[in-house]
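*Asks:* Take a look at the letters that make up each chain.
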Amino acid sequence: MTDLIASLFARTGSLLRAILGAPDYGRYLQHMRAVHPGDRVMSETEFNHARMNDRYNRSGSRCC
Amino acid sequence: MNRIGRIIIWSFISALGAASFAWLALSRGESVNAAWLLVAALCTYAVSYRFYSRFIASRIFALDARRPTPAVRLNDGRDFLPTNRWVVFGHHFAAIAGPGPLVGPTLAAQFGFLPGALWIIVGVAIGGAVQDFVILCSSVRRDGKSLGQMAKEEIGPVAGYTALVAVLGIMIVLIAVLALVVVNALKASPWGVVTIGLTIPTALLMGVYLRWVRPHRVLEASAFGLVLLILSLYAGRWVAENPALAPTFTLTGKTLAIMIMIYSFIASVLPVWLLLAPRDYLSAFVKIGVVLALALGIVIVLPPLQMPALTQFTNGTGPVFAGKVFPFAFITIACGSISGFHALIASGTTPKLLASEGDARVVGYGGMLTESLVAVMALIAACVLTPGVYFAINAPASAIGTTAASAAAAVQHWGFTLDPAQMQLLAQQVGEKTLLSRTGGAPSLAVGMAHLFSRVLGGGTAMALWYHFAIMFEALFILTTVDAGTRVGRFMLQDLFKHAWAPIGRVSWYPAVVLASGFIVGMWGYFLYQGVQDPLGGINSLWPLFGISNQLLAAVALCVGTTVIIKMGKARYAWVTLIPLAWLTVVTLTAGWQKIFSADPKLGFLAHAGVVAAQVASGVVPAGVQSIVDAGRLIRNDYVDAVVAAFFLISVIVILVASAYEWITVASGRKAARSTEVPFVSRAQDRALAS
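Note that the protein sequences, when read in sequence, are chains B and G.
Numbering follows the working numbering, in which position 23 of the first sequence is assigned residue number 23; successive positions increment by one, without gaps.
Numbering follows the working numbering, in which position 26 of the second sequence is assigned residue number 90; successive positions increment by one, without gaps.
If we take Cβ atoms under 7 angstroms as the criterion, some of the chain B residues that face chain G in the derived model are:
#1 17
#2 18
#3 19
#4 20
#5 22
#6 44
#7 52
#8 53
#9 56
#10 57
Chain B is faced by these chain G residues, among others (derived, beta-carbon under 7 angstroms):
#11 141
#12 282
#13 336
Hint data in this document are derived by calculation from the structure and do not stem from the laboratory.
We put the beta carbon where it would ideally sit given N, CA and C, even for glycine.
Chain G on its own, in the form it takes in the complex (with noise of 0.2 angstroms):
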């Protein structure tokens, strides 16, 4: 009986997940409800974990609770902690959400909600939840050894290296990205500036409480903080309603890009106590806090969608970002479904605090869905706007114009209603003088949170306040990732240079210290700066090419991944990893080809190139710029993002081909299949061997 419960249970599931499915793809002309996205993703997810993780979890690494973890057998009161399964979770789980998950669908969005949805809701299944889990149960079979040097180990030396050298350049482009992202949602919006502004202040005065007034008592000084934060929401909106100081406030993406390479110049070099570490306690509640109001909010509210399943757009011709659906949409959206960077975490704190093997299955798969779950979230929150509001607020002004009437005219040109007036009401509404062409998806995930949150509490007069809280909790996050990326690419830097000259890798050595950290802020702010002077808006350019490296990074983990997997003698397994690999390369690869070679100028990074130098020559200064010399800078960083997408390309080419040369040596049997896990002694030995 229970068996026929449980199959009764689990048929009902997998067929209500199925319906929600059919529901969402068939239905036309009239607007689905969220709900159907939210069950459809859930059935999705308790199916897939019940039956897939269960599957890998048994079959191929076969996990068992006898074999000691790491964290058991090293224990050292340090990094390697047995620690409770559920900690474990929250603790993995806040490393990897970071901003990925919302910008990425956002942006998506403008092929309707459908593409987003079904590689948010199956990227993950098969994909993204595959690959932490797999990096996961290898490392912790490994004493907790990083990608890197499972790359270098399992693979060989020159996939190891490709990795590393890959990593610091996506940690470039990536935070070169996210703050840009930051940038376009401050700019212009003296309430938003004032906020994120007294953030700093707020994790300095965090950092010293924790050190001198009440030394250690975290928790206190993170309630200290929010309060804080609250108060900054409050004294941002007072400087936006000041005339006198609302001016001084109001500033242009350049100045923000300056200020932000600036700042995170300095909070690279300061001691990680004092701003650091406190700002990374207070993004942490902010984080899991929204994503409890943002569920909430949406299973209260049980919003439309009101974004149509596809768009015209998938064609190619969508002004958020070029490209058509495939492959511009599993590039974009990276985070949610599968990103390469969860494989460092997965690599890298997690398996040193797993008390048991088993665990790898809650933590390594359960928190990957849980986080697809944010990015279904965020595509919902993204998509109960109507598409006029949400093209208006996406599409950069060479696409809609600098009007609320002329982008009300785009808008219509591309088949869907915008009234200009009411696009201005909404402006007002959230406290801001215009939300035209606010890309980077910042603004229009706020306009959509706030939505949601006004109906549920407060109503339309708090709008403005539950769009600055949007705004703040974003920014806060991706600040706090950027500072921490700044700092780790500066080590990563050391580490690299200190074989051209030692004294460079001495870490505690200032000069080498300011020199790494300008070398590294020189970098990701030299995209960050070509970002915001580009007149397509910057995210065109940049978003893809992080996408195409974070895809990158997960390649290269899943061939590390499937390399564990062959070396286990479970050969006939490896396509639980290899299925994910084979979409990754075609994706990425067709992806960086278009980027660099695509005749469309719109598209390909040597075709635009070729437009502008084509009118500069004719001596036709290019739309968007103000001078020839900006035209000239524009055809350089045509070519340095058309590099930057070849080394991704290569990158990814080298290691397939080491790796598939390690796998055929390993499968035709001239090199030995030989695992490098550490033997299993049971804990009932280890007693015995040990007393």
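Chain B extracted, bound-state conformation (with noise of 0.2 angstroms):
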């Protein structure tokens, strides 16, 4: 039961972050392993940055 309680907050919670467009380090971890075995890794705060600066500097990232 407080598994099914806690998987359950943890699916929210990154349903959440997912819709806020929050940078997703787990997925890109994920890809890096599976695409690009042996490449250089950027850190969670450099990924997180880089994320950032990408959204906030494109024009197609908000309206009206």
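Hints given; two lone chains; assemble the complex.
*Replies:* Structure, rendered in structure tokens:
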């Protein structure tokens, strides 16, 4: 039961993060391991800053 | 049986929608319940989604779940990420829903609820949702290319560059008019100023928390930020009730305008993680929360609409903004029925996230229907106020004077009733000194929302808290748009000017950053300051300019969409985008022409400049300005506005001509109808190739 609640909590959390557009480091790591094994991997802070800079420097990220 | 059952259900939904429309349109004299408006909207959305979006999906684009999307083919763990369709929907909706669908319908309520309601509901089904959906599909088929790139590649370089410059122009007008909405909402309101002011340190604290205290815990930081927001609401009340502090935070429009400019300049050069990103998280939460609360409030209360279906102001004599119902209802309400800005998002982040082509329908068409519903709710919130109260809040001082008694007299003259004592009581209830001439739409929407919310929760005593909560919500995400827009504008400017002088393009070179940011802030700041000084209230001239520019961008998007459809060999279906394009062209050109050349000084920029010049020449200081020098500034502003409107008009014509030329060469066979889509390689083949 507690497991179920914990997993529900975690899933709601990741859903909210995704809708907010918060950087998803986990998926980046997964992708790097699967597709570019051995390449240099950015740290979480590096990754987040790169994502945020990219997001707010483009015109297609927000509306009136 | 199943088939018959479906036919029965859809016939019933269509009939219910038609009946609701009939009820809305035909009932006269008594007030109509908001439920009819909601039902008419929801039935239209359901029918158009089920039939029209499916028609576009299958007949035009032949969306195919087996055809890999850019997210699948180009998955890089960063931009291109296959994502669950409901997450993409939420993300897309949060990106397209801004203050536009709230402010526009509120202003357009001066014509009565019917013109706005019809345009929002019908416009979205055949215009806005089609635009978003078609652009999303086009971008998905082209590796997630942006609108500007598609305009250049599909139509040609002239259209591409015009679109680029137009987007920059639109950003500037958009930021100015939104900032003006905030200024008008915070003017002479210590409670509002303190509450909004405190959102800045709140965001900074969140930024610091995310950087050093508990890195990357976005939800924790947001929860913590939301608690601080509620506390700021109470802090604002405390200051407003404190006779020693309240005057310090009672600011004039000019002071607020300058403060917003300085603040935005600083915000646009700070690192994004410190201020912009955390504020964006907060604003997304508050936005989704308020939209849900508003829906809940309307459904629980089911308020009657106090505003008549049509007012006499359809003839163009309205005090909120000048111009007749055609074309100005269709300019005033852009977001909610059709908004060109959405095309930037539908060709921005969203196409890079779709896991399956089939998802484009619910995200593109469905996302825009949801935004339209927000606009319908904003219209309801504006129309639950009695017309007297609505016009007292939204008409400028030049129309209703500065006292409750003069406002009541003016409103009576228009054929509505307003009890001066009731107006003062209402201001007191929401914790403001006055609600007269609080133009811009935000205060009247906040009063409407407070009216609804307090009937569900808290009663009359909670009115003030609900009102300031609504103001905080609007200001919070308007300011997020202002900052982010300034930042994006800065990058666009650096990109544009680097051809003239290479170092200006360096995005991490501080002098270039400061120069470009200052330039952008200066440009929108000019329009903002002009709006604050304008004796007619500013919104009167700026909001139509914004509407025209937004519809111009929609015209660009629909031109791109039409070209894409024709080049796919589906010219027989090009009417899908040509119908809304034709309508927008007529509306934009008429409105732009009238704003420049109308002989009515309230409507036409040149006529207004002429009247002021004549007064100056005869030594009279025009109403609402202090001196002859100020009057000179008024004339100059009119000329600037006229030039901006002319620029938008010429851009529309250039893009239309360039597109029409392209369509004709393709249709006449002089140019092969060759689609620039990435060729279809099914997932199975894809895997075979990869291995």
